[in-house]
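These protein sequences, in sequence, are chains L and P. One rule links them: number in the working numbering = place in the first sequence (from 1) + 3. One rule links them: number in the working numbering = place in the second sequence (from 1) + 291.
Hints in this document: simulated from the structure, not taken from any laboratory. Beta carbons are placed, not taken as given, at the ideal position from N, Cα and C, and that holds for glycine. Hints are supplied without guarantee of correctness; some may be wrong.
Unchecked claim - DSBU-like mimics (lysine-lysine), calculated; alpha carbons at most 30 Å apart, straight line:
| no. | chain 1 | residue 1 | chain 2 | residue 2 |
| --- | --- | --- | --- | --- |
| 1 | L | Lys116 | P | Lys493 |
| 2 | P | Lys365 | P | Lys393 |
| 3 | P | Lys393 | P | Lys349 |
| 4 | P | Lys373 | L | Lys116 |
Stated by the list, open to error - Per the computed footprint, the stretches of chain L lying under chain P, defined by three or more beta-carbons under 8 Å from a beta-carbon of chain P, are:
| no. | region |
| --- | --- |
| 5 | 29-39 |
| 6 | 86-94 |
| 7 | 103-111 |
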Amino acid sequence: MSLLSSYRVIYLTFFIGLICAIFPLPIILNAFRPDWMILLLFYWVLALPHRVSIGHAFVLGLLLDLLLGSTLGMHALLFSVLAYLVSINYQRIRYFTLVQTTLLAGGFILLAKLVLYWIASSLQDIVLHSHYFWSIFTSMLIWPWFFLFLRFIRIRFKVA
Amino acid sequence: MKPIFTRGPSFLLRLSIVIALSLILLLADSQFNLFASSRIYLNSLVSPLQYIADAPQKLFSTLSDNLMTRDALKERNQQLEKDNLYLKADRLLLTQLQNENKQLRELLHSQRSFTNKRMITEVMSLRSDPFTHQLLINKGALDGVYLGQPVINEEGVVGQVSQVGSTTSRVLLIVDASHGIPVRVQRNDVTAIVHGSGAWNKLNVPFVQSNADLQEGDLLVTSGLGGRFPAGYPVATVSRFNYQEGALYAEVTATPVAKLDRSRYLLLLWNDHQYNESDLSLTPPESEDVTPE
């Protein structure tokens, strides 16, 4: 399959991921929203590190910053660091079992939340709510199915 | 698949470039506010995505509006007509009072401005940054929205416009930790400043002297001193007034009057000085610049 069409599939998933990241949910469910963008990036960098890496992560982070109205560069910085961590270790992570990658994804999201909190608190006064961390668990619950679904997509559309 | 990367700079080099770029962006945006003018283009860039994400919700609400029984519609119509009658009756008195007020002010040689132009806007209930309190609205620079524009709802002050795109804008709520608004106590005209606390439903009123005449339940209204908010709109009620013996300032907290997390329609006000002396009379409803939905 040509380069153009494999990028087309990847960008389509990113597009849907961005929409899911801001999609309106009831206030009760809002805290449980999985961190779709981190999961997506984790999968694509792990599967195709020569296609999706730090540059893509940076641009996606900037887009998410604009969509959420946060300070420009917050998510961009975070996503590129995560993409770097995955892309230097991708050969090792590919041999992990699904349970191990789930734990790793949870660790990444916890790290991401802490870094976001640290950046935000150094820029302005903020109040931390305990439900800020709940989405880690929903993300970890969703990751195995999400992983299998994306692998199905990748094989089905022969993205390489 | 290529096992070894032959093209492009190494990961570490790319990472350092990107980190440097992000840090520059972070500093430029938060400390020096360099993107204030280009934000409009940047926000317009992502507004299609926001409209797409908002579309299902909007479709659902229009559907549920359409799926109403005739009886329910009739009942609602009657209720609205009743409300309208009461409001119109109040308005008759208001015109009278306004004329009287104008005459009195002329006697005192003092002027006061009233805002005329306003516009209804709808809240797009998309997710926002979890650390700031803001709302996305579906009006932008194309509708004449400007930075720092006051935003109210039918209960009181909601916040001010903090970012403008061409078709969307962001409203910074009064409870955000970076927001402050000059107020006065309606009962006795004591002035103060209300700061957001970062929590929904709580506002701080710092630097109130411990012997100030302030009690729990006092209504705080905008004083108009900052020049940004027009005077006289309700902001909050004092929920706690507490002072320690010998302390210089009292500890005062307040609760916002408007239900900030539950409002669907907001009102944008134009606080231009060109409207200052133009007319002090109430405009009849036909000539108001109100766009429905």
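Hint consistency between Lys365/P and Lys393/P [alpha-carbon to alpha-carbon, up to 30 Å]: Violated. Lys365/P to Lys393/P sits at ~41 Å, over the 30 Å cutoff.
Measure nothing beyond the straight line between the CA atoms of Lys393/P and Lys349/P; if it is 30 Å or shorter, mark the hint as holding. Violated: Lys393/P and Lys349/P sit about 44 Å apart, past 30 Å.
Restraint status (C-alpha distance of Lys116/L to Lys493/P at most 30 Å): holds, 25 Å
How about the region 86-94 of chain L: do at least three of its residues have a C-beta closer than 8 Å to a C-beta of chain P? holds (count 3)
Taking 8 Å as the Cβ threshold, is the statement that the region 103-111 of chain L is covered by chain P upheld or broken by the three-residue rule? Result for this restraint: violated, n = 0.
Restraint check for Lys373/P with Lys116/L, where alpha carbons must lie at most 30 Å apart: violated, 51 Å
Within the region 29-39 of chain L, is the number of residues with a Cβ closer than 8 Å to a Cβ of chain P three or more? Three-residue rule met by the region 29-39 of chain L, so holds; n is 3.
Hint compliance for this structure: hints 2, 3, 4, 7 are broken, all remaining hints hold.
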